[in-house]
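Engineer: Each chain, written out:
4 protein chains.
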Amino acid sequence: MILDSAESVEFTKENIYEFIHDIWDNHVPFHKHINQKIINFDKDSCEISLKKTDNLIIDISTQRLHGGVIASILDNTGALLALTNFIEQFDSTDINYIIKQSQKIGTLDLNINYLSPGSGDEFISKGKVIRRSKRLVLAEMTLYDENDVLVATATGKYMIK
Amino acid sequence: MILDSAESVEFTKENIYEFIHDIWDNHVPFHKHINQKIINFDKDSCEISLKKTDNLIIDISTQRLHGGVIASILDNTGALLALTNFIEQFDSTDINYIIKQSQKIGTLDLNINYLSPGSGDEFISKGKVIRRSKRLVLAEMTLYDENDVLVATATGKYMIK
Amino acid sequence: MILDSAESVEFTKENIYEFIHDIWDNHVPFHKHINQKIINFDKDSCEISLKKTDNLIIDISTQRLHGGVIASILDNTGALLALTNFIEQFDSTDINYIIKQSQKIGTLDLNINYLSPGSGDEFISKGKVIRRSKRLVLAEMTLYDENDVLVATATGKYMIK
Amino acid sequence: MILDSAESVEFTKENIYEFIHDIWDNHVPFHKHINQKIINFDKDSCEISLKKTDNLIIDISTQRLHGGVIASILDNTGALLALTNFIEQFDSTDINYIIKQSQKIGTLDLNINYLSPGSGDEFISKGKVIRRSKRLVLAEMTLYDENDVLVATATGKYMIK
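Residue numbers (the numbering used here), protein chains in the order written: chain L, 14 to 174; chain S, 14 to 174; chain G, 14 to 174; chain W, 14 to 174.
Excised from the complex, chain L in its bound form:
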């Protein structure tokens, strides 16, 4: 992603979390494109926020958030949990190794139930881990708007090759 050195660069665990936070908020192009920011995360649960902008809506008259944006933030929420869990398993603080391994992680599936139109202005996606194993993380996600309306629920599976 950012570091390209083939050399080993040791990080503390705290550094790793800060590094992920920075990468996800500032250096993943599509994350910036949909205006999302991590609120907090660890290996068990996480929260991501998203502020609605004009680019993210379905139509001008209803101003609802597009379902694809909802899918995107829900997927990112599960993926962040998966990333954190796999990194805990790597048992390495060499950030170049971690980056390389992280690129082997992918979404296996995503099942979304849309419950309410995304009529709010700010949204928070919350995720928790349901099951983790060596190669697979199953996460459950919910998306609420600023008025605590439940917009969508989802499950996602994330694998490492």
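You may find that some hints are simply not true.
Since the list gives no way to pick one copy over another, a pair counts as held whenever it fits inside one copy or between any two copies.
Stated by the list, open to error - Here are the simulated lysine-lysine pairs, BS3-like style, with alpha carbons at most 25 Å apart:
1) Lys56 with Lys26
2) Lys113 with Lys147
3) Lys64 with Lys45
4) Lys174 with Lys26
5) Lys64 with Lys117
6) Lys50 with Lys117
7) Lys141 with Lys50
8) Lys113 with Lys56
9) Lys64 with Lys147
10) Lys147 with Lys45
11) Lys117 with Lys141
12) Lys26 with Lys64
Source of the hints: derived by calculation from the structure; they are not laboratory data. Just so we're clear, the structure is a prediction, and the values are computed from it rather than from any experiment.
Could you slot chains S, G and W onto chain L? The hints should help.
Structural biologist: Just chains S, G and W now, with coordinates in the frame of chain L:
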């Protein structure tokens, strides 16, 4: 969306299809934001294309299409089929009525299986209707890249209130 | 199901719940075939138990509960919640009317994640309603064994025509 | 399942297929309990039939097949494909080894869309492999009745530990 008149404006069926095509490609903010274009559509099947841009990727080194973009185009593909089916059922050529009714359509669910990383540059999403009823359309979608790699499959349900 | 009279037969709400309980435990052929019993239910949540018998396993050596049995009890759990919700909406205590309307209820979809082999002897499926509307109930279900091992989670949608 | 010997017992590939066919039809307790029979199978596709009996229905008046039975045969169809694919990968003709390895296969998930009530008397479930890898098989299944009514569609993922 575009027309706001409370008056009845009669369209031919062909006009309606052209109108949808224009709205979807040029006036849905998020559709432009993810660079998608309708190739063709009728009530049974449709195709939508998407050209990868720098904003739509996960990370700069692998250049893969973000899973949320994949979810978005798959959802749009099913939604276009649902829209077309419900419009056929409205049995009206009054475009203002059609617009108003169309805003009652929403995605009920979306189940995606991710099969390959989105490593291509151009993607085509194909959808077909599996079941249609008065209030519900079930669609199956697939996403291929320009090298005929199957990137993802999905099903979606779309309801009208 | 049991009553066939075309005449109106008035029940109290309590009678209706007892009637459903009796029908489900004793007169739905497949419910008896998989040895399930309702523990409790209302319109928000319910619990169903299942005792493993020789007929319900995959293979003699591992004695695990068959995945189809797991799917069955999870589906039944969501369906019981849907039935209860729709009956509350019928706003009728005429049991013949209720029976007739109930036969219009069907499972729309069922998404199951299998988390552990069904190695226990007794299983409890718990369900709760996530969203209810006039025609649709979305329920979330979990299946635990007698040692509190989480065997499976699921969501189901139930519609009334 | 049947053979318990720790000794190596060599089979031809044809023997293995016959062995699976026999086990599945005659020695899996729940398969007999729901009256299913394999029609044919190889590593790419398979067909399983099911004759409705009094035990497999929801209620006596409508005589519809229970949704749990539908889930069961759909799951079995995907599982048979997964079993066949993993056995091809084991690259062994030692039946005791194959049996032992096969017991490590499990359903990861099952997503079913119910399209029509199971009003027929005989049902055929057809499955095909969408994606296979070393540890994972993704299969798509459909269930038709004897009048070619599409009763349900499903996808399932199957893993080997």
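Engineer: Each hint needs a verdict: does it hold in this structure or not?
Structural biologist: Results of checking the hints against the structure:
Taking identical chains as interchangeable, the C-alpha atoms of Lys56 and Lys26 lie at most 25 Å apart only when both belong to the same chain, with a minimum of 12 Å there against 45 Å between chains. In this assembly of identical chains, the alpha carbons of Lys113 and Lys147 lie at most 25 Å apart whether taken from the same copy (17 Å) or from different copies (21 Å). Taking identical chains as interchangeable, the C-alpha atoms of Lys64 and Lys45 lie at most 25 Å apart whether they share a chain (11 Å) or sit on different chains (18 Å). Taking identical chains as interchangeable, the C-alpha atoms of Lys174 and Lys26 lie at most 25 Å apart only when both belong to the same chain, with a minimum of 23 Å there against 30 Å between chains.
In this homomeric assembly, Lys64 and Lys117 come within 25 Å of each other (Cα to Cα) only across copies, at 24 Å, whereas the closest approach inside a single copy is 29 Å. Proximity of Lys50 and Lys117 under a CA criterion of 25 Å is satisfied intra-copy only: 23 Å inside one chain copy versus 30 Å between copies. Taking identical chains as interchangeable, the C-alpha atoms of Lys141 and Lys50 lie at most 25 Å apart only when both belong to the same chain, with a minimum of 17 Å there against 31 Å between chains. Proximity of Lys113 and Lys56 under a CA criterion of 25 Å is satisfied intra-copy only: 19 Å inside one chain copy versus 34 Å between copies.
Taking identical chains as interchangeable, the C-alpha atoms of Lys64 and Lys147 are never at most 25 Å apart, the minima being 34 Å within one chain and 32 Å between chains. Taking the closest pair of Cα atoms, Lys147 and Lys45 never come within 25 Å of each other, the shortest separation being 30 Å inside a single copy and 35 Å across copies. Only within a single protomer do Lys117 and Lys141 lie at most 25 Å apart by alpha-carbon distance; the minimum there is 21 Å, versus 27 Å between protomers. Taking the closest pair of Cα atoms, Lys26 and Lys64 never come within 25 Å of each other, the shortest separation being 30 Å inside a single copy and 38 Å across copies.
Checked against the numbered hints listed earlier, the structure breaks hints 9, 10 and 12; every other hint is satisfied.
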